Structure formats: C-alpha cells, structure tokens
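So the chains spell out like this:
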Amino acid sequence: SQTIHQWPATLVQPVGSPLSLECTVEGTSNPNLYWYRQAAGRGLQLLFYSVGIGQISSEVPQNLSASRPQDRQFILSSKKLLLSDSGFYLCAWCPSSGGVPQYFGPGTRLLVL
Amino acid sequence: GNSVTQMEGPVTLSEEAFLTINCTYTATGYPSLFWYVQYPGEGLQLLLKATKADDKGSNKGFEATYRKETTSFHLEKGSVQVSDSAVYFCALIQGGSEKLVFGKGTKLTVNP
Numbered sequence: 046s047q048t049i050h051q052w053p054a055t056l057v058q059p060v061g062s063p064l065s066l067e068c069t070v071e072g073t074s075n076p077n078l079y080w081y082r083q084a085a086g087r088g089l090q091l092l093f094y095s096v097g098i099g100q101i102s103s104e105v106p107q108n109l110s111a112s113r114p115q116d117r118q119f120i121l122s123s124k125k126l127l128l129s130d131s132g133f134y135l136c137a138w139c140p141s142s143g144g145v146p147q148y149f150g151p152g153t154r155l156l157v158l
Numbered sequence: 004g005n006s007v008t009q010m011e012g013p014v015t016l017s018e019e020a021f022l023t024i025n026c027t028y029t030a031t032g033y034p035s036l037f038w039y040v041q042y043p044g045e046g047l048q049l050l051l052k053a054t055k056a057d058d059k060g061s062n063k064g065f066e067a068t069y070r071k072e073t074t075s076f077h078l079e080k081g082s083v084q085v086s087d088s089a090v091y092f093c094a095l096i097q098g099g100s101e102k103l104v105f106g107k108g109t110k111l112t113v114n115p
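Residue numbers (this note's numbering), protein chains in the order written: chain B, 46 to 158; chain G, 4 to 115.
Accuracy of the hints is not assured; some may be wrong.
What the hints assert, rightly or not - One-sided and incomplete, this derived list gives chain G residues near chain B with beta-carbon spacing under 10 Å: (1) 37; (2) 39; (3) 44; (4) 45; (5) 96; (6) 102; (7) 103.
Quick caveat, the hints were computed from the structure, so don't treat them as lab data.
Given the structure is predicted, the values throughout are model-derived calculations rather than measurements.
Glycine residues also receive a C-beta, built at the ideal position from the N, C-alpha and C atoms.
Make a model of the complete structure from these sequences and hints.
This is the structure in structure tokens:
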C-alpha cells in the first residue's frame, strides 16, 4: 500500500531564516505531487504541483519554491521566511493517470516568529 | 472557473443528531466530487467520493449523492458521534485537470 511522509511535523523558525520541508511517497511510481498551505481561517491553498522529476508548476507567486529531485520526493523551500509564511503545510499525491483522488500527508506546522 | 461553496460553520450538534453539510459547485463539464475530513492537528483524509451524476459515495456512516441538476453534493450522517468532530471539506476535480478545488471547510463539533 502507499504511504506519504512529511517532516518535520512541527517547526519554529525566525523571520529571514531558510526553510526546507520534505515529503516522500512510498509504494507507487511516478505520482503527481502537491504542496498546499492551510493558514488560519483561509482554507486550503495550492502552492505547487509536479507531474514528474524536475517539473514544477507554481500556483501562487511568493517567496517559496519547490523541487522534485527524485520520483517520490517533493521539497518545499524558502531562502528567507516571512511572518506570513506561518501555517500548516500539506503534501499530497495522486496517481499519474489523474487526480482522482488526492491523498494527503500528516502535515508540517510552521510558525515563523 | 471551477468553484466549491459549502455552508459556513461552525456547526455544533449533540451526539446522535442528524448532520447535513451543504456543498454546491460550479464547473464546466462533469467533475468528480469528494468530501475530505481533517481531525484536529492532522492532515486531510478522503472520506468519500462520487465520479458521475447520481453516484452515492458512502463511508463510516456518511453519505453524499452527486446531484447534477442542482450541482450539489451535500454530506449527511444519520447519527453523529463525538469522534466525528472535525473540519469537513468539499472538493471537486475537473476531468483532465491536475488540481483539486476545495471549499473553505466546515467545522463540526459534536457534544456528548
């Protein structure tokens, strides 16, 4: 069966510091991968998605970036965090045949101080 | 563009009460529809889905029917439990698209 992992689970970072969040999927090949952010009172916002190694689509312009160095690894990064980057970051995957449905990881809670 | 509208929360019920969370959508063509649940501090879990008109998705006592004529996918449960307290998200995906479109979520609290 497929499983999705995210780490760290919780992170507290100062403003201006770098960020790296990691997501890995097991038990499947060539998945579509997604990064979402859930900020308080704002619902789910799609940040990036990837349909293959090195292929990244950005949905929202911001100071975050994403990379997919391996088939089942998806990384969310920032060079300098802002206070507004605080939130709950969720990674998701679905089969490459189409997004029906998407399966979510446990999330990373990020607090920028 | 595609969009999902779900009832504003929060919703507070007593145990064994009947639950309805309304969800309507706007989409071109025939999307697939989903309900996700998020328990406190956790990621989203797929609760149920329906991929074509008149399909009924069901899981853990929850049901939702894909109503094309009213563009709705309302979530129902006959008797809620305290353990059902969570945030519920309605979502759709258009055929051929890579992206889920979510509603804003409805927080449900069930009191004993």
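Run through the hints listed earlier and report the numbers of any the structure violates, in increasing order.
Those not satisfied: there are none.
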